[in-house]
Each structure stands twice: as structure tokens, then as C-alpha cells.
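The lines below spell out each chain.
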Amino acid sequence: MTAAVSAELRAAPAERESGSRRRSNYLAKAYPLWYYLPAGLLFLVFFAIPTFASFFFSLTRWSLFDWEFIGLENFRQFLSEPQLIGSLKNTVIFGVLTSGAKVVLGMGLGLLLTSQIRARGLLRSLVFFPVLVSTIGVGVMFTTMMHPTDGLLNTALAVIGIEGPKWLADPQLALISVALVDIWKGVGLATVIYMAGIVAVPAEYYEAARVDGSGAWSTFRHITLPLIRPATFTVITLSLIGGLRSFDLIWAMTSGGPGFASDVIASVVYKQYQAGFYGLSTAGNVVMFLVVMLIVLPLNHFMRKAEVDQ
Amino acid sequence: MKSRIRINVVSALTLILFVIVFVVPFLLVLVNAVKDRQEASELNLSLPTSFHLVENLREVFAARNYMLVTAMVNSTILTVASVTGMVIVAAMVGFVLQRRSSRLNGLVNAAVLMGLIVPPAVVPTIWVLQSIGLFKTLPGLILVEITFGISFCVLLFRAFMSTVPRELDEAAIIDGCGPLRLFFQVIMPLLKPTVVTIIVVQSVAVFNDFVHPLYFLPGEENATVQLTLYNFMSQYSTQWNLLFMNILLITIPPLIVFLFFNRQIVAGMTSGAVKG
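Residue numbers (the working numbering), protein chains in the order written: chain A, 1 to 310; chain B, 1 to 276.
What the hints contain is simulated information worked out from the structure, not anything from laboratory work. Please note that a few of the clues may not be correct.
Stated by the list, open to error - Now the stretches of chain B that chain A is said to cover, found in silico as 3 or more residues with beta-carbon under 8 Å:
#1 10–18
#2 85–93
#3 99–113
#4 145–153
To be verified - Per the computed footprint, the stretches of chain B lying under chain A, defined by three or more beta-carbons under 8 Å from a beta-carbon of chain A, are:
#5 24–31
#6 38–50
The beta carbon of each residue, even a glycine, is placed where N, CA and C say it ideally should be.
Same shape as in the complex, but just chain B:
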């Protein structure tokens, strides 16, 4: 009885603390996004005296010749294309890497590890992109995003492949399956849980990425959503309501993903934590 009271007290205190630390900052964004310009500049948590939701929304979208609309289109293309590419090329690597030990295994494993640890060299990457004519283009950025995501995906795919029985491959081959059909029609469907995990984790990562678009896709017509926020920062140093509205808008996609795929995200991000 006494311990139950103690648990309740600790729970209540923890909840209050968590709300203050982790909810109040988002609340600040929310209330200020619907205030008018003058009221938002006070930067406080008071409830808005008048609501300007639609007005602020319209103004944020219309700013700089509807840059945010372009940016949303760009970010969507970038995210979808990059994540699709990552899943396909990394699954192929993870599949062969786990199934077949060849002289390449050591090299591939070392490359995966390097890909996780080594910070990318920025200007030389621009130099490479420029010499193949992909600098300042969306396809160029997509290829770069795929490259930087491969290592993480390969690790996950390799780990999951080891739970898929080899007998399945053998049976498929005996039944006359070619390697492509074996991979795409037999193995890929079995990898679905990992594919879902990778899709959610990496789409959040690519959507939120700021550094790579900043370097490899400069220019207003190419902006991604993270860059619009950054650009608005200098322009709207006095219009906090619009800045907050922009934050609110770009927080909604990750929030939706979080609400639906909480379990997969946590699974993907903690994989390897237990084994080391």
C-alpha cells in the first residue's frame, strides 16, 4: 500500500517534470504561431488574444513567391526518391553479404563501418558533383543522400537476413528461380519489417536534413523545407509568428510518422544496442 502511494507520487512528479521540459517548448511554438506579429514578439506562453491561424498560414506560404510550396514539393521528391534508392541498393548488399562469404566481405564490412564513422568531405563532394554535372540538381542531392544512408541500412538488412532460413533460397533456386526473382519475389517480401523500419527512420532523417541541401543544392528555387526555415530566420527576425508557423508546419510530418510508426522507429534506432 505504502509502495503504491510512493509509485503514484513519483509518477506524478515525473510527469510534471516531463511536461515542463518536453512539452512547454512545443507549446510555445503552437501559441505563438497563431498570434499576430506584435503579440508574438513578446515570446511568451500567454494565450493569444486573437487567432490568426489562417492569416499566418497564408502569409508563410506566400512568402518569397511561394517558396514554401516549392520547398515542400522538393522535400517530398527528395525524401521519397532517396529512401526508395537506399532500401533497394542496401537490401541487395545486405542480402549477398549475409548469404555468401567471398573475398569481398572484409572490404564491404570495412566500407560500411567507414560510412558510419567518417565525416563526409564537403567541398570535394561538390567537386565530384560538379564534374559529373549534378551540382545544384535534385538528382545529385538524392544520390548523395542515398550514399550517406547506405551504411545504416546495410547493417539492419544484414542483421535481419540472418533470421531468414537459407532453405528457402535453395528451394526457390531448385524450383528454377533466377537471382533477380529470388531476391525481389522471395526475399524482399520477407524483409518487410526491416523495410518499414528503414523507411520511417530514414524518411524522417532525410526530411529533416539541413546540411546536405545547404551544401549541395543551394539556390532559392531549389530550397527544401529545412532551408526555408533557415532563410526565414534572417528575413523574419521580427516576425516570430511566421517563423513559429513554419516550424509548426515542418514538425507535422515527423509527428504523423511518430504517431503511426512509433514502434518501428524505436526498433530501428535501438537495433544493435543489445548486441553491441
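If we strip away everything but chain A, and leave its shape as in the complex, we get:
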């Protein structure tokens, strides 16, 4: 008995080893690691190297061909010039505003379009189509609609007796106006994400709530809202990542103007690049990197924790 057990014990490691070797042989044969190579190489050359290089070149005065190390001078300039620090503020405002609005509107539209309403398919297509249209095209479209005197928005407002604002020409309002257009273009994506989340909630829960006599609001508050939390997280993360690096819509509509009123970090990066200040432009890139990381990573961490608690 004891002998048999010990014999088995003695035999086991060897067998396990050969078994695992066979296993890894099989893995290597069926799923070779070199399949990572093409993607890995591209990622290294066009993403990882530029990203790491950006940390270094942000500390230099740089002309692509030669560089001069100047320490934190670029960052000092970035944080001391009003228009540059203004772009930092605008980036955060733009990101938070658009993602907040997309959460609220997307959730509302998602609920509406999963309800008993008629022509759901048509309504869903209407709200989603702008997602697929060229951002520059949308920018031109709304720039004409927001024209202070001839634009469609203000002529329509004039019909009902309201004198419309100057939209893009008003420094106070320019950034908000662009944010509104960004929300118009992006809300369809938030809506379909919420729709996917809402239809995934098991019908039994609603049934149980109805039996327990729960009203519409409390059903929403205590069943729908907690159960579509993953959709909310996705919408917030996606729109923040997109909003904080947003460039094309702002560039097409205001080019950062009037003055520097609607400049964001990404447009500063482009302007400094055009002006030939490659080091400063790269420093802007690093600032954008930091802003995205400082906002998105803690948020992601917090949201994951909330999900586990739930």
C-alpha cells in the first residue's frame, strides 16, 4: 500500500513534466508566439517609441534634425502663457461637458428607444447616423447653421422672437457651441450603448418589481440604473478619452478662436507644430497624455471597484 503510493508519487513528477512538455509543444505548434510579431512591431515603431520619445523631446528645443536640451522650459512656458494654460482648462471643460451630456441624453434616449414607442428603428437610425458622418463635414454644416445673422439657428429663433446668441463668434460661447455640436454628433453612440445595456436587463426583475408594487421611478432608480452601470462606465470612458483629445471638430469650426477662446491642448499641439516649435508641441502632447491619464485611470479604477462592490 505505502509502497504503491510512494511509487505513484515518484512516478508522478516525471509524468507531469512530460505531459506539460507535450502540452507546451502543442501550444507552440498551434499558437506560435510569433503571431504577435507583426502587430507588436507596428505598435513598437509607431506607438511605443514615439510615446517614449515624446517624454524626452518635450524637454528640448527641437527641429527634427537636432535638439538642444532645455529642461522643463517648455512646460514652464506652457503653464505660464495665458493662452496655453487656457487650452488646458478648455480641454477639461470640453471633455467633462460632452461626456456628461452624452451620459444624460444617451440614457434618456436609450430608455425612450427601448420603450413601446413606434418607429423605433427609424428613430434609432436618425440618432445614430451622425456618428458615421465626417467630423469636418459636420463642422462645416454647423458653422453655417451657427452664423450669427444668416444662420439657420438664429433665423429660426428670430421667428419665435428670440434674439439668438452669436455662437462661435462669442468668446464666452464658442467652446460651448462646439461642445454642443460634438454632443449632437456623438449622442447616437451613447444611445446605442445604453440600448444594448437596457435590453440585457432580465425581464424577471421588472416582473418582480411590478408584483411588489414598485412605481416607474423607483423601478428605474433601483433596477434599471444599477444594472446598466456597465453601459454608463463605457459611455463615460469612451467620451472622455475622445473628448480630451478632441481636435478636428474644434479646428473645423473655430480653429481655436475667436482669439484663443476655444483652443484645446490638441489644437495648441497643431499650432505649435505648424509654427515649427516641435519641442513645445511635443510638451503639449505630454500634457495631454498626463491629463488623460490623471482623469481616465482613477475613474477607471473607481468604476471597476464600484462594479465589484455591486
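Given the coordinates of chain A, work out where chain B should sit on it, guided by the hints.
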């Protein structure tokens, strides 16, 4: 009965609101694209008094020495090549990543996540492209587009791979399949739904991309369609009809894709929303 009336009223009001918010802007583009120059400059929604469809089309195409034609060719090459590249390299990663746990998994997952979050560093990328001689070339831009699309595609492929049974791989290997044949002849055909989703989502994204061509492929002979619109903006500040015609032209490809692949696009863009 009463609730049905209520549903009808709410539906009708919603539809009217949606038409005003989401259809009128496109209508504005449409009517102004066929007006003459003077009428279009009023920027309103009135129906055109005379149609200039063919005339405006011809003028938009002929502008700047047929730049739009060059741009359409460039955009087509860019889109097709980038999306093909993305699908192949990302499917290979998603396949091995889901099937085999190795020491690289953590690294690959971290890289995918970074690729989604980190904003690309622009000038250093130009520096890299320049040092390997690909700056201002279409192949250079294609490689950059592939790189920035990989993360999204890997996520989708990895998720879908987990629904393909492993027994299939084993059977294929026992039957004497090499890794290449296993991947391209057994696995890839099964990934078709994901491949279709990725093709539609990413081709719209690459076709509509403005930022990367602006930085990495400057120069008129290299223009892509989004850049022609941008260039026309400064040139045609008084010729709104041509500008609108250009918008109309570059909106048609996404519209066609949307009409045929609505379901796949929504599926691709919402994947992960339920699981988190």
C-alpha cells in the same frame, strides 16, 4: 386604449423632434449643394429656384486641378489597405492571446489598453516616419492607421475567439494542420462575423479620419477626401454651394455602408458595453 393614444402622441412628437434635430442639418446641405453660388450664400433652407447639380459637381471635381479625384483614389487606397492590414495582424494577436496563456499575455493586454487610452505623440511619430523614409508617403500613413486601429480590433477578436471551441483546433492539428493553415483556413472563416464588423466600423473611421492625414501626409498631391474639404473651406468661403456639394459627396460612402451594415456597425461599437 388610452395608453395606446398616449404612445401615438409621444411617438409623433419624438419623430418631429428627431426630424428637426437630426434631419434638417442634412437637408440644409442637400438643398444648398444644388443651388447657384448667390442663392447658397443665403444659407437657408428654401428650395432652390434653379438646379445646378451637374454644374456644381463638375466644378467641385475640377477644382485645383482635379484634386478631389486624386483624393478619392488616395482615400480608397488608404482605407482598403489599412483595414486589410488591421484585420490580419489583429486577428493573429487575438487568436494567440485568447488561446495560449504565456508570460507575454500581461504585456500584450497592457499594450492594448494603452493603445486605446494614450493620445498618440504627433511630432515624435513624424520623426520616426522621417527617419525610416516614410513621412509624406501613403504607405507610411497606412502603417500608422493600422497601428492606431489594432487595439480596438484585438479586443473584438479576443472576445469572439472565446466562442470558437478549442476542440476544433485540436482536431485540425491532429489531422496534420500547421499553424498557418489552422489560422487562415480553419479559424479565420469562423471569425467572419467579427471580420465584417471590423471592416465596416474601421473603414468608416479611416475614411473619415482627418487628423492623421493632416499630420503625416501633407501636400496637395497627397490629399485625402477629408483634407479636400478642409482646403476648400478656406478657398470657398464665398462658394457655399461647392462646399456643400463636397460634404454631400463624402457623406455618401458612410451612408451606403450604414444602409447595408447598420446591424454590424452597432454591434461593433457597442461590444463590451454590457460586460463592461
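Now for the hints, and whether the structure bears them out:
Counting residues of the region 10–18 of chain B whose CB lies closer than 8 Å to any CB of chain A gives 5, so the stated coverage by that chain holds, three being the minimum. Under the rule that three or more residues need a Cβ within less than 8 Å of chain A, the assignment of the region 85–93 of chain B holds, with 5 such residues. Given a C-beta distance limit of less than 8 Å, the hint that chain A covers the region 99–113 of chain B holds, as 6 residues qualify and 3 suffice. A stretch counts as covered by a chain when three or more of its residues have a beta carbon under 8 Å from one of that chain; for the region 145–153 of chain B and chain A the count is 4, and the coverage holds.
A count of 5 residues in the region 24–31 of chain B with a Cβ less than 8 Å from any Cβ of chain A is obtained; the coverage claim is therefore met, three being the minimum. Residues of the region 38–50 of chain B with a Cβ under 8 Å from some Cβ of chain A number 4, which satisfies the need for three, so the listed coverage holds.
The structure agrees with every numbered hint stated previously.
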